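S.K.: Listed here are the chains, written in short residue letters.
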Amino acid sequence: MKKSDNISLKDDRDLVERLKKGQEWAFRQLVDKYQKKIYGIAYGITLDREESLEIVQDVFLNVYRNIETFREEAKLSSWIHKIAVNHTLNWRRKWKRRFRWNHRAIDNPDNFDIQTKLSTGKTPEDDVKESELNSRLKICIEKLPEKVRSVFVLKIIEGLSYEEIAEIMNIKRGTVSSRLHTARKQLKTCMSGYV
Amino acid sequence: MKECRKYRDEMLGLFADQELEPPLHDQVAKHLKSCEACSSYVESVHNFSYAYTSFIKDEVSSAEISIEQSRRMKPEIRSGLSLSKLLNPVFFKRICLPVISFVAIILVSVNVFNFNMAGLLDPGVEPSAIVDSVDGEVSSVMIFETARDHQTVIWFKEVI
Amino acid sequence: MNIKKMSYVLSIMAIVLFLLITENSFASGNTDFKVRVIHASSGSQYMDPALVDLTSELTSVFKYTSYKLLESDSLSIGFNQSKTSTLPGGRVLEIRPVEMKKGRIKLNLIIRKSGKQIFKTVVQLRNNSSITLGGPEYKGGYLLFNIFGSN
Chain A
0 MKKSDNISLK DDRDLVERLK KGQEWAFRQL VDKYQKKIYG IAYGITLDRE
50 ESLEIVQDVF LNVYRNIETF REEAKLSSWI HKIAVNHTLN WRRKWKRRFR
100 WNHRAIDNPD NFDIQTKLST GKTPEDDVKE SELNSRLKIC IEKLPEKVRS
150 VFVLKIIEGL SYEEIAEIMN IKRGTVSSRL HTARKQLKTC MSGYV
Chain B
0 MKECRKYRDE MLGLFADQEL EPPLHDQVAK HLKSCEACSS YVESVHNFSY
50 AYTSFIKDEV SSAEISIEQS RRMKPEIRSG LSLSKLLNPV FFKRICLPVI
100 SFVAIILVSV NVFNFNMAGL LDPGVEPSAI VDSVDGEVSS VMIFETARDH
150 QTVIWFKEVI
Chain C
0 MNIKKMSYVL SIMAIVLFLL ITENSFASGN TDFKVRVIHA SSGSQYMDPA
50 LVDLTSELTS VFKYTSYKLL ESDSLSIGFN QSKTSTLPGG RVLEIRPVEM
100 KKGRIKLNLI IRKSGKQIFK TVVQLRNNSS ITLGGPEYKG GYLLFNIFGS
150 N
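Protein chains in written order, with numbering that gives the first Met the number 0: chain A, 0 to 194; chain B, 0 to 159; chain C, 0 to 150.
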């Protein structure tokens, strides 16, 4: 294990201890340390900014509520990874994603209805800003099954080993390998001419 | 480019991810030096990784991640109270616990068949509020229950 | 599981059972209510830190981007008595707990405006939980009233 890993582990153990004691600044530290990581995982799977922001909040609430169950011999980052991935995958299965209630503009108070979420939530400005490559990449990633996307995110963005990914997703190492292979094969076809 | 059948793409992926054991890793590395097809595949794996990482990093930096959970901490975090602290006293452990255990055995055997355990066993299934009636100068009423905590929400529209 | 641990577990069970069994017959005279008045609107993005326990639930139902706590009021009310809480826009919320039954507080909630009854509901609120009512239009958004009850 690298020296930096040792320091990080020690920091995390200290952080967990303080979280269990209920120290307020410990929670702030936890948020500062992990919010971007969790957002990256959530966005990598959902490809939806709004949902990802909600998932981040949910994950932290979950961590706070269950910190007492965290076994200190485990790695905090792995535990948080697990919660983030499971939360993200479960989020999509829940009804609340299908029944997002949208009010019309205030100047039309009589138009009062429920709408399901139809668009990705992007603005025209977002479209302008995104490069052609990113646009194409997003389309191609969206075509990947969620379980394949999850493995891809954990490998490419988080840099985890196959063993670590297998443990987090509760699958076999061979399954990690085959899902990554599937992702790369599909992306290669979809992105031909771009990468 | 001539296709190479020496190593499957999945194997090359394992190589790119540094997941092969040293002898096999070295074998593949040696092969790549002379095989354009395989080295091109490994390069494409790295290119995808780079493109995807940049894509996600761009999104993470541009998203407004404005969570300040620390300011929303509930009182119980600040107090740092835990159940174990309450149950530490020696008196409680040596005298009260055995007495309470005996009482618990009696209570469980008497009450488990009489008491309606539905709410206790799965309180999360019931809504926070059961609505018996709704009335008023309103043009519409909608009653919702949130998925996770089963919170009841009543939405009404006042008649203007 | 050793005897010590079993004693620990059984003692917890006894306490829980005792509280549940006695909850109905020994419901305390007064019920404590906490009323939070929330302004929900679209446009800006804001999550009031004081609403952390509600935010994810509210956002699962509503698509507003801003939730701000306007007022908070605490009331202690006996059964078959009522108290009121002032709401924005000339409104008043009247809360009247009627009885406690099977772990739920039966209560009447009435919203009045300029003395006139606008909305009334009779609910059975689970002890130590809340209900959210909404929403009159108010200053470019809508008002939500979260009522938490504890006996």
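Note that these hints are calculated values from the structure, not bench results. Owing to the predicted nature of the structure, the values given are computational and were not obtained by experimental measurement. Hints may contain errors.
Pairs of lysine-lysine residues, derived as DSS-like cross-links and limited to a Cα-Cα distance of at most 25 Å, are as follows [to be verified]:
| hint | chain 1 | residue 1 | chain 2 | residue 2 |
| --- | --- | --- | --- | --- |
| 1 | B | Lys156 | C | Lys4 |
| 2 | C | Lys138 | B | Lys32 |
| 3 | B | Lys156 | A | Lys32 |
| 4 | A | Lys187 | B | Lys32 |
| 5 | C | Lys138 | B | Lys156 |
| 6 | B | Lys29 | C | Lys62 |
| 7 | C | Lys33 | B | Lys156 |
| 8 | C | Lys115 | B | Lys156 |
| 9 | A | Lys142 | B | Lys56 |
| 10 | B | Lys56 | A | Lys146 |
| 11 | A | Lys20 | C | Lys4 |
| 12 | B | Lys5 | C | Lys138 |
| 13 | A | Lys35 | C | Lys4 |
| 14 | A | Lys74 | B | Lys156 |
| 15 | A | Lys137 | B | Lys56 |
| 16 | A | Lys81 | B | Lys56 |
| 17 | A | Lys19 | C | Lys4 |
| 18 | B | Lys56 | A | Lys184 |
| 19 | A | Lys184 | B | Lys5 |
| 20 | B | Lys32 | A | Lys184 |
| 21 | B | Lys56 | C | Lys105 |
S.K.: None of the hints should be skipped; say for each whether it holds.
M.R.: Verification of the supplied hints:
Between the alpha carbons of Lys156/B and Lys4/C the distance comes to roughly 55 Å, so the proposed pair goes past 25 Å and is violated. Taken as a hint, the Lys138/C and Lys32/B pair is broken in the structure, with Cα atoms around 70 Å apart against an allowance of 25 Å. Restraint check for Lys156/B and Lys32/A: the C-alpha separation of about 44 Å exceeds 25 Å, so the hint is violated. Our distance criterion of 25 Å between C-alpha atoms is met by Lys187/A and Lys32/B, whose separation comes to about 22 Å.
Under the criterion of a C-alpha separation no larger than 25 Å, the hint pairing Lys138/C with Lys156/B is consistent with the structure, at around 16 Å. For the given pair, Lys29/B sits about 57 Å from Lys62/C by alpha-carbon distance, which is inconsistent with the 25 Å threshold. A threshold of 25 Å between alpha carbons decides the hint, and for Lys33/C with Lys156/B the separation of about 23 Å falls inside it, so the pair holds. With a C-alpha separation of about 15 Å, the suggested pairing of Lys115/C with Lys156/B holds against the 25 Å cut-off.
Of the pairs offered as hints, the one joining Lys142/A and Lys56/B holds, with about 20 Å between alpha carbons and a cut-off of 25 Å not exceeded. Restraint check for Lys56/B and Lys146/A: the C-alpha separation of about 21 Å stays at or below 25 Å, so the hint holds. In summary, the hint linking Lys20/A to Lys4/C is supported, as the alpha carbons are separated by about 23 Å, within the 25 Å threshold. Straight-line distance between C-alpha atoms of Lys5/B and Lys138/C comes to about 70 Å, which puts the hinted pair past the 25 Å bound.
Annotation: proposed proximity of Lys35/A to Lys4/C is violated, straight-line Cα distance about 41 Å (limit 25 Å). This hinted pair does not check out: Lys74/A and Lys156/B have alpha carbons roughly 50 Å apart, beyond 25 Å. With a C-alpha separation of about 13 Å, the suggested pairing of Lys137/A with Lys56/B holds against the 25 Å cut-off. In summary, the hint linking Lys81/A to Lys56/B is supported, as the alpha carbons are separated by about 20 Å, within the 25 Å threshold.
Of the pairs offered as hints, the one joining Lys19/A and Lys4/C holds, with about 22 Å between alpha carbons and a cut-off of 25 Å not exceeded. As the CA atoms of Lys56/B and Lys184/A are separated by approximately 23 Å, the hinted pair is consistent with the 25 Å bound. Taking the CA atoms of Lys184/A and Lys5/B, the gap is about 18 Å. The hint holds against a cut of 25 Å. At roughly 23 Å between alpha-carbon atoms, Lys32/B and Lys184/A fall within 25 Å of each other, so this suggested pair holds.
Only pairs whose Cα atoms come within 25 Å are accepted, and Lys56/B paired with Lys105/C is rejected, the gap being roughly 52 Å.
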